[in-house]
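Participant: On the provided structure of chain A, position chains B and C as indicated by the hints.
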Amino acid sequence: MSKRYMGRRILSVSVAAALALSLSACGGQNSEQEDPVAAETGGLGAYDETLVCNMGRSTIANPKFPEGDSYEDNAYTRYLKEKLNVEVVDSFEANGEDYDRQVSLAIASGELPDVMRVGSRDVLTELVENDLVADLTDVYEEYASDYIKEIYDSYDGRCLDEAMYDGRLMALPGTNYDAAPCEIFIRQDWLDDLGMNIDEDGDMCLTIDELEEVVRTFVDKDPGNTGNPVGLAFAPYLTAGDYGGSGYTMTAIGSAYQAFPGSWLMDENGQVYNGSTTEGMKNALAKLAEWFQEGLVDPQFGTRTWDDITALLTNGQTGIAFGPWHLPDWLLNNVRSMDPDAEFSAYTICDENGKVNVIHNNACSGYMVVRKGYSNPEVLIKIANLFFDDIVNDKNLEEEEPEVYEYITTVDNSARPIQVELNKNTYLVDEYSDIKNCVEGNITMDEVRSVESKTKVESIKRYLEDPDNAEVADWSSYTSRMNGMGLIDHLTAADQFEWFSPVFFDTTKTMETNNADLNKLQEETFVAIVTGSKSIDEFDTFVEDWNSRGGEQITKEVQEAVDAQ
Amino acid sequence: MKKKTFIQKRIMRSQSMYHMMMLPGMIFVLIFSYVPMVGIVMAFQDYVPAKGILGSEFVGLQHFKYMFSLPDIWQILTNTVVIAVGKIILGTVMAIAFAILLNEIRVKFFKKAVQTIVYLPHFLSWVVLAAVVINMVNLDGPVNQIVQMLGLDKINFLGSNTWFRPMIIVTDVWKEFGYNSIVYLAAITSIDPGLHEAAAMDGANWWKRIWHITLPGMLPIILLMGAMNLTSILSAGFDQIYNLYSPMVYQTGDVLDTYVYRMGMISRQYSFSTAVGLLRSVVGMALMLIANGLAKKLTDRKIF
Amino acid sequence: MVQKKGIFSNIGKGAIYLIVFLLGLICLLPLLNIVAVSFSGSAAVAANKVGFLPVDFTTAAYEKILGDDQFWRSFGISVIRVILGLVLNLVLIVLMAYPLSKSKREFKGRSIYMNMLIFAMLFNGGMIPTYIVVKNLGLLNTVWALVLPGAVPIFSVIMVMNFFMGVPKALEEAAVIDGATPFQVLTRVYLPCSKPVIATVALFSIVGNWNDFFSGLIYMTKVNNYPLQTYIQSLSVKLEDMLNAGGSLSSLVNIMDVSSQNLNAAKIVVSVIPLLMIYPLLQKYLITGIVVGSVKE
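If you read the protein sequences in the order shown, they are chains A, B and C.
First residue of the first sequence? That's 1 in my numbering, and the numbers climb one at a time after it.
First residue of the second sequence? That's 566 in my numbering, and the numbers climb one at a time after it.
First residue of the third sequence? That's 870 in my numbering, and the numbers climb one at a time after it.
Wrong hints could be hidden among the right ones.
Below, computed lysine-lysine pairings styled on DSBU-like, alpha-carbon distance capped at 35 Å [stated by the list, open to error]:
no.: 1; chain 1: B; residue 1: K630; chain 2: A; residue 2: K509
no.: 2; chain 1: A; residue 1: K424; chain 2: C; residue 2: K918
no.: 3; chain 1: C; residue 1: K1091; chain 2: B; residue 2: K676
no.: 4; chain 1: C; residue 1: K918; chain 2: A; residue 2: K534
Keep in mind the hints are simulated off the structure, nothing from the lab.
Bear in mind that the values here come from a model prediction, so they are computed numbers and not experimental data.
Just chain A, same shape as in the assembly:
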């Protein structure tokens, strides 16, 4: 008998233990302030004892570490240890959707790493509302170097404001300089073979009709000799929030119709509206649908993976790629490696009036947050000082810290223990002018401001010495800087940009709940319209649905927020 009771007792004890465990698990985080580790004064003051910093790290699949290095242990983290006596320990490492999931799980379980990157303001807002992240206002004021403050100032507050809640700085936002427009890279060698001169006036802009003519010719003549040309290839999401991510999107085409999907804009009467729902958007989609019908858009549009589309380019099935100015560095280089004759010219699309419509980026991209209660929240600012001031402005970096210098040129930036970028808003124009002037011999190498620009100048010079036999990497540098950046410089100088400014980048209450649904609706409808499974008239139905499924409410909320400003 007693044995039976024994069994039961064991059972009930384990039940009780399990329940207690679960309750403590879900009981929320204890956010008492931990005792700080002492440090020398100043923005780069080292800690007296090693400060352990647990981080959530956003990774990429192939960061190109030298043998033996890892996200936790690499030149950057070693440099950080040496300079500030801070040791990075990764709580989690993941990329893309996997990273988002790890963040979701960390939030849900109430145990954040000491420092981590969050990608969107939605998540930041959630963290702030849950009181999970530290207020950085004071440590920013006290520790941020003058140069770091200069960087943020170049955005007139547009960037820091994105991380402000009730006047308090709750995260260190990454900067995002304007990189407009979305460019079109076209196989110049094919155009030459076909004897086409598509830009007779030399303004580097094509009209929609001119582009159509190029695509039609490419599809008809199959200059890649594949027997299976596909015309324009798009990724299924079709639209992009900013120019950096505009690879394989319809951003350039939308702009010609003044369509800026997803952006919150304001009309002359002060009414805000969403760029996804405009007449311009409808016209742009109608154009794409017409092209799809005619076979000028990839018939497999919608299911091509990123790799598939890249394969189309490398195979020579298509010779036209939409994307940011740096496309040649990371994508078109694949084409060049397969086909040493490949040459790309950069164009963009202008509207009927010859203007290139562009939109300001959200000045902010990604946020670094510090867990509330962490002993030394200022460490994040110190790390920013180290990586975006100290290293960047160190003229002798190559001699003094060869390992770090090597990393800047060969290893992915995600290896840095601070996973946002801090650059001045004038970064592109500055870099182009430095590179161009130095390549042309107007300034000396020492006058070139950034380490990265210097390496590019060297690379471009190598290319120019012998263009036909140059390394692909040098070809990429040349094409992205001289063609891609050159286009931006040219359009800026010729005053051809027509700038539009979104009035709102935040997240409203209803967006939190309904955005996922609305984005899904939009993506599905746009793809269906382009592929013809829905007629263009259903765009109006989409707008109605969009409004009734929360869009109208969101618009109201955005209007209120904008009016309040």
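Facilitator: Chains B and C alone, transformed into the frame defined by chain A:
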């Protein structure tokens, strides 16, 4: 009589030993199945991670109301049920037909080889098979080459809302029919061969014998399996769909499990996704009970 | 007349053989395709020229795998996981199935346990609460996070239980008279005659542990610790990831570098080999195991 009481005594004394044997397993079940069930409370809360389950505010059925106000939930339920039912029906028919055909094979070597091959896909993961399927059905893949040879236009199988559900059903049947045929094959072999001989003597042809002897002989197993399958109506196969779908086919391919996953893990709608998951569990459990009842009534056997 | 019937039935038989052969082929060809891709030149693969035989035959992809540390680390994690999972699963399954195979009269708590198990099979608290439990037990990033939550495969317990119920009572009674404890009865009487069902649930355990990619995604916070299937799943570059990379130039450069279809195909092929080796060993028990174990009279 004396012997029996002796054994009974032994059996009684075995009780505590039985409990001890159950214990290790039950601890795992408690920790990893029962403790997390506390989380179901989240479905009735506006769960705020910082406050935890104890501190979060209760909102009653708000999440359920919101769920049913979303047009998507009906779409997702439809997708789930259509895909699941399609898999059950086509899968069962294929498995039975294959079992019947395989039973006719007399060449031992051939039979063994075919069995080994058709059972194989069941043991491969959807991570692997998704890659296989994508290779096969992409626009320039072998399947579309056949489609073209037939003089038809190429089909974007995984990217078309017309084709996605059939693709999910067909690829699942392809993976499982061989394995599922095992039970049916066993049922066929247990039918008294004398019945077939007698029918053949009476001049019944092959079709007639299948129809009048084999299938009725298999009926209990078919019904039992059908009842068991009933329980899977709300799980249309997460691994498979997760590895094959894309935003383009959410309209026809998004099912309860993938939806719960995206809402909870990516969009961080913890409470909402728990509510959807809870609904799924409750309906699943009801179906299980119905299935067990049906199985008992129809075949006099129980599933559990 | 008689002859005619013979011809007809021969045609019929031929047709049956043909259909069965074709069904086998349909199961085999798609798998051959991926093998062919893994042995083909990358240009041919990118151009979609590979059918069921390699084009521009090369073993380059396999040579590359040999030097891929992460692949082998993940492979090793999967192997360890399968071994730990198998041992734990089998021990717990057998221990639980035996008392549960007793009648309500012989084992008083049976129906409580049974109901608890069935409820746990049908109902779960969701991924996030389970994650919190695993995290609080300190299991994240250990192989135990992959093994322990699935330590009791309830379906398998029920299968073995059903099988045990079919073991003749006389055998047990004889052993009991000889003074055997229940544990001895289990190991000396039940286990020796349960080979088919044990082999079957062992196969389930091996396959389940080897194939599961999802717990790796959730419980492993670093790619270093991914088991093989999770690693392979993470290889395909997803469009969403490209979007997330956003404007970060260098990230885009590096993401593009890894995509190589034939290399991925080769990894997939290698990942399947261990299963192909074990499967034939256990296949002969499969049929008896499934049929006897899955149905309760």
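Participant: Would you pick out the hints that fail for this structure and give their numbers low to high?
Facilitator: 2 and 3
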